[in-house]
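Engineer: Order-wise, the sequence lines are chains W and L.
When you read off a place in the first sequence, starting at 1, and then add 15, the result is the number in the working numbering.
When you read off a place in the second sequence, starting at 1, and then add 15, the result is the number in the working numbering.
Worth double-checking, as some hints may not be accurate.
[As the list claims (entries may be wrong)] Distance windows between CB atoms, simulated:
#1 W:A89 - L:R336: 28 to 38 angstroms
#2 L:D20 - W:A171: 52 to 62 angstroms
#3 W:S259 - L:G281: 30 to 40 angstroms
Derived by calculation from the structure, the hints in this document are not laboratory data.
Cβ coordinates follow ideal geometry from the N, Cα and C atoms, glycine included.
There are 2 protein chains.
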Amino acid sequence: MLISDLDTPAVIVDLDVMERNISRMSDYCREHQLLLRPHTKTHKIPELAKRQIASGATGITVAKISEAEVMHDAGINDILIAYPIVGPTKTAQLARLAEQARIGVSLDSEEVARGLSEAAASHGTTIGSLIEMDVGFERCGFSDEADLLALGKKIADLPGLEFRGLMFFPGQFTVGPEERAAMRIQVNDFLKRTLETFSDAGLPVSIVSGGSTPTAYEGGYFHGVNEVRPGTYIFNDRTTVAVSACELEDCALSVIVTVVSTAVSGHAVVDGGSKTFSYDRFQGGDGTGFGIVKEDHAAQVERFSEEHGHLNIQRSERRYRIGDRLSIIPNHVCTTVNMHDEIYGVRGERVEEIWRVAGRGKVR
Amino acid sequence: MLISDLDTPAVIVDLDVMERNISRMSDYCREHQLLLRPHTKTHKIPELAKRQIASGATGITVAKISEAEVMHDAGINDILIAYPIVGPTKTAQLARLAEQARIGVSLDSEEVARGLSEAAASHGTTIGSLIEMDVGFERCGFSDEADLLALGKKIADLPGLEFRGLMFFPGQFTVGPEERAAMRIQVNDFLKRTLETFSDAGLPVSIVSGGSTPTAYEGGYFHGVNEVRPGTYIFNDRTTVAVSACELEDCALSVIVTVVSTAVSGHAVVDGGSKTFSYDRFQGGDGTGFGIVKEDHAAQVERFSEEHGHLNIQRSERRYRIGDRLSIIPNHVCTTVNMHDEIYGVRGERVEEIWRVAGRGKVR
Chain W
16 MLISDLDTPA VIVDLDVMER NISRMSDYCR EHQLLLRPHT KTHKIPELAK
66 RQIASGATGI TVAKISEAEV MHDAGINDIL IAYPIVGPTK TAQLARLAEQ
116 ARIGVSLDSE EVARGLSEAA ASHGTTIGSL IEMDVGFERC GFSDEADLLA
166 LGKKIADLPG LEFRGLMFFP GQFTVGPEER AAMRIQVNDF LKRTLETFSD
216 AGLPVSIVSG GSTPTAYEGG YFHGVNEVRP GTYIFNDRTT VAVSACELED
266 CALSVIVTVV STAVSGHAVV DGGSKTFSYD RFQGGDGTGF GIVKEDHAAQ
316 VERFSEEHGH LNIQRSERRY RIGDRLSIIP NHVCTTVNMH DEIYGVRGER
366 VEEIWRVAGR GKVR
Chain L
16 MLISDLDTPA VIVDLDVMER NISRMSDYCR EHQLLLRPHT KTHKIPELAK
66 RQIASGATGI TVAKISEAEV MHDAGINDIL IAYPIVGPTK TAQLARLAEQ
116 ARIGVSLDSE EVARGLSEAA ASHGTTIGSL IEMDVGFERC GFSDEADLLA
166 LGKKIADLPG LEFRGLMFFP GQFTVGPEER AAMRIQVNDF LKRTLETFSD
216 AGLPVSIVSG GSTPTAYEGG YFHGVNEVRP GTYIFNDRTT VAVSACELED
266 CALSVIVTVV STAVSGHAVV DGGSKTFSYD RFQGGDGTGF GIVKEDHAAQ
316 VERFSEEHGH LNIQRSERRY RIGDRLSIIP NHVCTTVNMH DEIYGVRGER
366 VEEIWRVAGR GKVR
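Bound conformation, chain W alone (with noise of 0.2 angstroms):
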């Protein structure tokens, strides 16, 4: 099958350039020393997870029980859901998890502890705990040293959990290069405060995970970690580019449209709207546009409706017809993925591979 013979919309990845992401991100953490947990909330396919660790990840993170047991269910067991585990029902899926796998949870608070502790030493099991630090996204963790050591030493005494370190989420280093040297050096600053509060307390932290895509070259400039969970790296997307984690050449995937209405003038209409691609800003430059059009780097992808892609082709000289098929490159992959039930690995114009998005939905 050849990528002309599918019908529109269809996501295809250049398995080429996925391999060049998969290999040069290992390659790094291998040279740095770092432990590499690809988040597979990116592509949600069990296939794909497998290549990752082939190629020298020591596990993988997912953010949901429910992702966690997809991937379990397709032979991997080293697990971390980044993600805090709240209620009976998930933390007795999570329990039956750790009987058979090597399963860790990030957690920033006592409840969630007293959960995952009940429900692993109901099942005679033992689950592994990060605690999450807020380096500054103010999402999720502590952002001052004592609550962590606080909520580490309380872990460290409840049965069924083990402590096995830190992590955190660098969200916010979606900023241009100043602004991210001053994060870097504050990051920094509370990295060592709490490494040497715990040190001091005579408990042992023996991982530090950083995480995303955008940091994951700059690990070894975070002080103290020692693992982490770049996800988007392996397809890479248009913000990708923008916050220069990748050139535009390393982005795998993108999405196949057809042009369906010019009736507009300056406009076209393409048959994949915010159902496709999902409605994710654009997280650098001016933060609007919703793509990168790879044969025509001149029509903004100006708005979706559902089923709508709305390009704006005033600046653009090509000519576009009825029937004519363009790749656009997503604002976020990850997003993107996650709306379709099946995605396309193509080399050159085959299609050499179809993928079930397996862990599409799992929302819980």
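Dock chain L against the given chain W, drawing on the hints supplied.
Structural biologist: Chain L in isolation, oriented as in the chain W frame:
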């Protein structure tokens, strides 16, 4: 099963409210002699489409061939695909559908008309055609009555096509009452000119199909309109409330979520983000925020990560605890439902129905 038995995040629909919404729209249309053809992209659930038909709808609207197939497989036989159908794969699918059901499509080009005609003629069937008018949303359609008539004449001459009339989507009617009033005058002028042009040319226009929940109850105000295609009204959402098309108590759908982190001061994190709600922006007020917390209107749904909902609770008097369950009305129900494989119909505290979102992921 009770709502409290559902693990989160879970999408629930209050059946009493939904049934009232269905009846109200049917009654309005009956009273104003408008055909009602609900857009089922909102729910993508055949069972709900059938209830809309049982309440008086003449047929349904969908956006994609694959959605039409799902609805037809469930026994629905009058379907408008309000989307230009391009390419031999899709036109063949459409012609096969048209052999078994009353099928209409919208279009705005001779290229699309010719493709449909060839497929219909080769299958010995007939496809109904509505030409799309651009009444100001600048997405698809012609804004000049001469262009509309020219395409109408071509369609009337092509084998396998039946020219049925005109359709438009007034997507720009999400603004304040004064702007809407001015818009309505323009739309009506355009409709009058167009209908006169067709009448003078002797080409009968049997359907004039207007759209959208925000304007559905104004169907009678649009000149010549005899059919409406609202979608959102079955559930309603934060945007429908903002554009005064319903009251807050008419919102049937909400997402039950659990608080998983309160570590960051002034904030609480719930276990649903853009992969649970979608990232559609608010089409009202200052455009910020991503939902209404039913239990605490002072809380702001400030931003989403993929699996984290960031609540700003600085102005809230409620005390947030890990494990608390909240219900959030999303900005846009259509894209929220589309994230889920199943949703729940509830009455009071009881879960009465579980619906599979059979059309989810039908992007082609």
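Engineer: Run every hint past the structure and note whether it holds.
Structural biologist: Checked hints:
1. The hinted window of 28 to 38 angstroms between W:A89 and L:R336 holds, with their beta carbons roughly 36 angstroms apart.
2. Checked against the given bound of 52 to 62 angstroms, the beta carbons of L:D20 and W:A171, roughly 34 angstroms apart, lie outside it.
3. For W:S259 and L:G281, the hinted distance range of 30 to 40 angstroms is satisfied, since their beta carbons lie about 32 angstroms from each other.
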